[in-house]
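Novice: Residues per chain, in single letters:
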Amino acid sequence: MSWILGALVFWAAMWAVNVKLSKGPKTRLISLVVPTIFGITLLVLWECMVRGLNISPVLLPAPSAIAVRFANSLPILWVDFVQTFMKGALSGYIIGCGAAFLTAIAVDRSPFLQRGLLPVGNFVAALPIVGMAPILVMWFGFDWQSKAAVVVVMVFFPMLVNTVEGLKASDHMQRDLMQTYGASYFQGLTKLRLPAAMPFIFNGLKICSTLALIGAIVAEFFGSPIKGMGFRISTEVGRLALDMVWAEITVAALAGSAFYGAVALIEKGVTFWHPSQR
Amino acid sequence: MNKEVIIETKGLDLTFETNDGPVHALKDINLTIEKGDFVSFIGPSGCGKTTLLRVMADLEQPTGGTCTVNGVSPHEARMNRAYGYVFQAAGLYPWRTIGGNIKLPLEIMGYSKVEQEERVSKVLELVELDGFEKKFPWQLSGGMQQRASIARALAFDADILLMDEPFGALDEIVRDHLNEQLLALWARTHKTIGFVTHSIPEAVYLSTKIVVMSPRPGRIADVIESTLPKERPLEIRDTPEFIEIAHRVRDGLHEGHSNG
Chain A
3 MSWILGALVF
13 WAAMWAVNVK
23 LSKGPKTRLI
33 SLVVPTIFGI
43 TLLVLWECMV
53 RGLNISPVLL
63 PAPSAIAVRF
73 ANSLPILWVD
83 FVQTFMKGAL
93 SGYIIGCGAA
103 FLTAIAVDRS
113 PFLQRGLLPV
123 GNFVAALPIV
133 GMAPILVMWF
143 GFDWQSKAAV
153 VVVMVFFPML
163 VNTVEGLKAS
173 DHMQRDLMQT
183 YGASYFQGLT
193 KLRLPAAMPF
203 IFNGLKICST
213 LALIGAIVAE
223 FFGSPIKGMG
233 FRISTEVGRL
243 ALDMVWAEIT
253 VAALAGSAFY
263 GAVALIEKGV
273 TFWHPSQR
Chain B
9 MNKEVIIETK
19 GLDLTFETND
29 GPVHALKDIN
39 LTIEKGDFVS
49 FIGPSGCGKT
59 TLLRVMADLE
69 QPTGGTCTVN
79 GVSPHEARMN
89 RAYGYVFQAA
99 GLYPWRTIGG
109 NIKLPLEIMG
119 YSKVEQEERV
129 SKVLELVELD
139 GFEKKFPWQL
149 SGGMQQRASI
159 ARALAFDADI
169 LLMDEPFGAL
179 DEIVRDHLNE
189 QLLALWARTH
199 KTIGFVTHSI
209 PEAVYLSTKI
219 VVMSPRPGRI
229 ADVIESTLPK
239 ERPLEIRDTP
249 EFIEIAHRVR
259 DGLHEGHSNG
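Top line first, the protein sequences correspond to chains A and B.
Take this note's numbering: the final residue in the first sequence is number 280, and no numbers are missing along the way.
Take this note's numbering: the final residue in the second sequence is number 268, and no numbers are missing along the way.
Some clues are possibly wrong.
What the hints assert, rightly or not - Heads up, simulated DSS-like pairs for lysine-lysine below, C-alpha to C-alpha not over 25 Å straight-line:
#1 K130/B / K193/A
#2 K193/A / K142/B
#3 K143/B / K193/A
#4 K142/B / K121/B
Worth flagging that the hints you see were computed from the coordinates, not collected in a lab.
Just chain A, with the same shape it has in the complex (with noise of 0.2 Å):
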């Protein structure tokens, strides 16, 4: 009973806290403050509701039996982050939307392709990525070249969808001003269309980046070697060890989110012109 009384006393006192903070003058330290203690009164929370209502650790384990097991287990964290992370979806994402960005700029030249290939690429985007998964698995093998495979499929189309859409984004005016310098279509293309396109571009691989996350971790549910995220989310539930699982959801929180914090930060840096980020 003391651990329930304990949890919402200390909610209450966070909340009026925080309450307190948000009147105050917005600085930087503020509304970074603000969604900690925000974040450390759900923890608290959660591990004094597991203990004070004896909840099964296999329904929900408290956060600190997370943390303990997440620190026990770093050397295997560490083997399946890097098969997963880095080889399956990191590989997946930059051939994904490598092949994505080279495909928009030749549909964009080609009125063919831009009427014969997107349909089809919508076509692709709209298959199931369980029905997808087991049969690329098939064709790549089990290690992680087929989790990059699938990782490709679903990154491909977001990817190639905005930056078509980026590349139309310079008006009128400005293609008129290309032509009256006589530009080839290469200098407008690296001049003009790119720099206009890249906050589509940016807005792809952003939307791309939690996408190959989850399909790299989906994609070993379906046979992979004895190591990476997916495996071993499918096995540790078998077994019946939740905390495991819940330490690799963090390992694929803390990797989803510092990846897409990367590719936000680089935005940042391209697009400071844009309206949304001066």
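Knowing the structure of chain A, use the given hints to seat chain B on it.
Specialist: Same frame as chain A, but now just chain B:
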């Protein structure tokens, strides 16, 4: 006086095919622009004044008649970088600084880095924007942006300057100032200028020749040779001579309308 002919159109016709049927944008345009002329095109919207300028710039293709620029086709003239074009909006690239924007045509035309720098500082001085080279376009006022876009069109030394309502979006005070600057610039650089406007005082104040156009189909209603001296302070707009020319322009516009 036998001056060199820079732009010449003979029986120029242009019909746009639209979803609502053909639109006759230009009909039988015969016009000669000589070296050093400042020619204004004035008329109500839809009279084809912008279209005519765009034909000279090879941004539209005529459907009949001929147009020559520097004695060659507009396409060849464009490829020779014979003209600088100033659009209604400044259209500076927001990811480039003012200096970077002015360098854009120079990069495309393959000028050396050293020459790019020299030309940028020269034209910035010409439009009185020295010191703003490192600023980004969005940090400047509308009038300054338009001046930067004029600098960009001047950077590569084309002998012809085509301007499509460059000051249309600016307020009257800024506009007066820029008109005065434009005349000074024209006097210094001896360029041939084609200038689209819908303001009668602006056309009369700036031009040596005023082409009055009327709509549906777009055609020339009157061509007025200005008798004003080349030296034009802003006060010239109160002289009887100025008012008389303005009157003639207004008559031309009115006639074109009632006939159309």
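Novice: Determine for every hint whether it applies to the structure shown.
Specialist: Status of the hints after comparison with the structure:
1. K130/B / K193/A: With Cα atoms ~23 Å apart, K130/B and K193/A stay inside 25 Å; holds.
2. K193/A / K142/B: Roughly 18 Å separates the two Cα atoms, so the pair holds.
3. K143/B / K193/A: OK: K143/B and K193/A at ~19 Å, within 25 Å.
4. K142/B / K121/B: Holds, at roughly 16 Å.
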